[in-house]
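Peer 1: Here is how the chains run, residue by residue.
2 protein chains.
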Amino acid sequence: MNISKRLQTLRTTLSEKKLQAVLVSQPDNRYYLSGFSGSAGYLLITADSQLLATDFRYVEQVKQQAPDYRLFEIKGDMSKWLPEFVAGLGLKEMAFEAEDVTFDKYSRLKEILSPLGIELKPIISMVETIRAVKEPGEIALIERAVAVSDAAIEHIRTAAHPGMTELEVAWEIEKYMREHGSQAVPFEVIVAAGRNAALPHHQPSDYVIRAGEPIVIDIGAKCAGYVSDLTRTLCLGKADEQFRRIYDIVLKAQMAAEEKIVSGMIGHDADAIARTIIDTAGYADKFGHGLGHGLGLVVHEAPRVGSSSKDILANGMVFTVEPGIYLPEWGGVRIEDTVVLEHGKIRVLSASRK
Amino acid sequence: MNISKRLQTLRTTLSEKKLQAVLVSQPDNRYYLSGFSGSAGYLLITADSQLLATDFRYVEQVKQQAPDYRLFEIKGDMSKWLPEFVAGLGLKEMAFEAEDVTFDKYSRLKEILSPLGIELKPIISMVETIRAVKEPGEIALIERAVAVSDAAIEHIRTAAHPGMTELEVAWEIEKYMREHGSQAVPFEVIVAAGRNAALPHHQPSDYVIRAGEPIVIDIGAKCAGYVSDLTRTLCLGKADEQFRRIYDIVLKAQMAAEEKIVSGMIGHDADAIARTIIDTAGYADKFGHGLGHGLGLVVHEAPRVGSSSKDILANGMVFTVEPGIYLPEWGGVRIEDTVVLEHGKIRVLSASRK
Numbered sequence: 084m085n086i087s088k089r090l091q092t093l094r095t096t097l098s099e100k101k102l103q104a105v106l107v108s109q110p111d112n113r114y115y116l117s118g119f120s121g122s123a124g125y126l127l128i129t130a131d132s133q134l135l136a137t138d139f140r141y142v143e144q145v146k147q148q149a150p151d152y153r154l155f156e157i158k159g160d161m162s163k164w165l166p167e168f169v170a171g172l173g174l175k176e177m178a179f180e181a182e183d184v185t186f187d188k189y190s191r192l193k194e195i196l197s198p199l200g201i202e203l204k205p206i207i208s209m210v211e212t213i214r215a216v217k218e219p220g221e222i223a224l225i226e227r228a229v230a231v232s233d234a235a236i237e238h239i240r241t242a243a244h245p246g247m248t249e250l251e252v253a254w255e256i257e258k259y260m261r262e263h264g265s266q267a268v269p270f271e272v273i274v275a276a277g278r279n280a281a282l283p284h285h286q287p288s289d290y291v292i293r294a295g296e297p298i299v300i301d302i303g304a305k306c307a308g309y310v311s312d313l314t315r316t317l318c319l320g321k322a323d324e325q326f327r328r329i330y331d332i333v334l335k336a337q338m339a340a341e342e343k344i345v346s347g348m349i350g351h352d353a354d355a356i357a358r359t360i361i362d363t364a365g366y367a368d369k370f371g372h373g374l375g376h377g378l379g380l381v382v383h384e385a386p387r388v389g390s391s392s393k394d395i396l397a398n399g400m401v402f403t404v405e406p407g408i409y410l411p412e413w414g415g416v417r418i419e420d421t422v423v424l425e426h427g428k429i430r431v432l433s434a435s436r437k
Numbered sequence: 084m085n086i087s088k089r090l091q092t093l094r095t096t097l098s099e100k101k102l103q104a105v106l107v108s109q110p111d112n113r114y115y116l117s118g119f120s121g122s123a124g125y126l127l128i129t130a131d132s133q134l135l136a137t138d139f140r141y142v143e144q145v146k147q148q149a150p151d152y153r154l155f156e157i158k159g160d161m162s163k164w165l166p167e168f169v170a171g172l173g174l175k176e177m178a179f180e181a182e183d184v185t186f187d188k189y190s191r192l193k194e195i196l197s198p199l200g201i202e203l204k205p206i207i208s209m210v211e212t213i214r215a216v217k218e219p220g221e222i223a224l225i226e227r228a229v230a231v232s233d234a235a236i237e238h239i240r241t242a243a244h245p246g247m248t249e250l251e252v253a254w255e256i257e258k259y260m261r262e263h264g265s266q267a268v269p270f271e272v273i274v275a276a277g278r279n280a281a282l283p284h285h286q287p288s289d290y291v292i293r294a295g296e297p298i299v300i301d302i303g304a305k306c307a308g309y310v311s312d313l314t315r316t317l318c319l320g321k322a323d324e325q326f327r328r329i330y331d332i333v334l335k336a337q338m339a340a341e342e343k344i345v346s347g348m349i350g351h352d353a354d355a356i357a358r359t360i361i362d363t364a365g366y367a368d369k370f371g372h373g374l375g376h377g378l379g380l381v382v383h384e385a386p387r388v389g390s391s392s393k394d395i396l397a398n399g400m401v402f403t404v405e406p407g408i409y410l411p412e413w414g415g416v417r418i419e420d421t422v423v424l425e426h427g428k429i430r431v432l433s434a435s436r437k
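Residue numbers (the working numbering), protein chains in the order written: chain G, 84 to 437; chain U, 84 to 437.
Mixed in with the good hints there might be a few duds.
You can't tell identical chains apart in this list, so a pair holds if it fits in one copy or across any two.
No farther apart than 30 Å at their CA atoms in a straight line, the calculated lysine-lysine pairs in the DSS-like style are these [to be verified]:
| hint | residue 1 | residue 2 |
| --- | --- | --- |
| 1 | LYS158 | LYS393 |
| 2 | LYS335 | LYS158 |
| 3 | LYS163 | LYS428 |
| 4 | LYS158 | LYS258 |
| 5 | LYS163 | LYS437 |
| 6 | LYS88 | LYS163 |
| 7 | LYS100 | LYS193 |
| 8 | LYS188 | LYS428 |
| 9 | LYS369 | LYS204 |
| 10 | LYS101 | LYS343 |
| 11 | LYS369 | LYS437 |
Hints were generated in silico from the structure; no laboratory data involved. These numbers were taken from a predicted model, which means no experiment stands behind them.
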């Protein structure tokens, strides 16, 4: 974790946007820019200084995790500590993360900062844009998480059998990941069998899995703060003709996307590679979500890779490629890999069989 | 879950505050008022109608979970669907949850609603205040979660032994709860041994637990959406004199609070009952957090029970009572029960030995 390099990148952005300072409140951004993993606190970053405000619970932790920052201990109400926090910095303005700061918090910030002559300026996705391009060390951690989820899918191929409920399969997978290197899973394991597989966000239930039906399994592991995201659609016993036909279309769409996505491409063009194949096969309205999404510290982050995305895909970005076809009353198929853009092309990190 | 009764209570509040409509965006409030458990959507509630807007992923789920609501399917950008959503309701104003809606979302809402002649009005804790007083059915679910965490602490008293790491103990507890009726745990299990026990929010580490030192274990289970919160401070092997002395002070403070808190009391007065005992024993600055917090759908909700709380404690409220003493370099002791106010007095739900 190269905090000083990250701060340098942020300061370049601040300078380009002619902003004097930014208040970072979003927890993952706070961690990314400081190394501090506690649940509460603010970073204040100017051209030549960086401060971290947090309360007594985290004072010792900040000293260990964020030595690059000047520590400020929060005591009492914001109207008390905030003026002291910004004192001496000569601020005329302060950017704030408008997608994180609630209207209530904004109102309180404004009430305190306006009388001090400090103007609040909303920013969108500034730190998120920097986070989207991963450092080699971050990719290595994501690869660790990918390996854990790959192993968990391999495990469940033999551990699952008809007669188990979705919840039993989900817990078997979660337990496996936790006992093979994962921290608390970044999202609840999805196991959707039979008709439930038609719902992309189905929550595992007491539904008893039968042989021959599609089972969408969507899982993520987390290692040293970084996550993976993996979906495989399994079938216990012999798959019928319908399953094989749908599966082949989704797989073809995914392989085409993984082959043809290149650096510099816009998110919606990447999405279109897979979508065209699914549309042409006659399932235009059965692929109701985007092709993928960035991941890293969290399971959904920049870039977006869907039909409305204008994000430019760049080397170092890590994201998912996950086309799907969902047929109400029958079920669904989704196949998802975690990939990284390197040297202009996609390298697929997920090694799980398809 | 009596949705119509909850809506009636909300409408009484709207009427008292002379508000025409409220947009509910906070996920737990959305669930509480509708029964819809999906991850995205808005409720719009007026004096005589209730609407639920969500996207294609959740349309089927809404039909099953929230039959009392008129379903509206979100398609495309907010500027497209929001005007249609509010059409025909004759709104001049719309309250919104200012502690949930981000500044960015507020700006977009305003941009769309202002031209329609609809004024946005921030509200604070409106639904949260209603949620604070539990229905009998909610208390029954909390009691189920309490029983699971009680059993997990009982289990770990025999399963833990010197030489295990904090992480191993934490996972043993989590696994036990998951395999004995708990959904995904509402917060990561805290196991803080030796000096780590001095940190109220310590994350379990590779620290190897030794005999004779304090081990603060803070856990919660979740059953049918409702949570419990329980802390016990254990000691493997023989406790020394220091441990027993600190433990007795904390226990005395907790028992006094549980005996003396009555309905109608203000949060800070409830806090003071325990705090006075700890202060008098000479540890005034070693109890650095509030006495407790409400819980229900989430592990921190109204009422607040700390030194700055003005919340009035009422029958039906469920909250924690958790005094602690934390001594840097040595460790700490915290003892926490989940309790409910009934017939003017506290009934302790947690049955775990102290």
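Peer 1: Are there hints from earlier that the structure breaks, and if so, what are their numbers?
Peer 2: 3, 4, 5, 6, 8, 9 and 10
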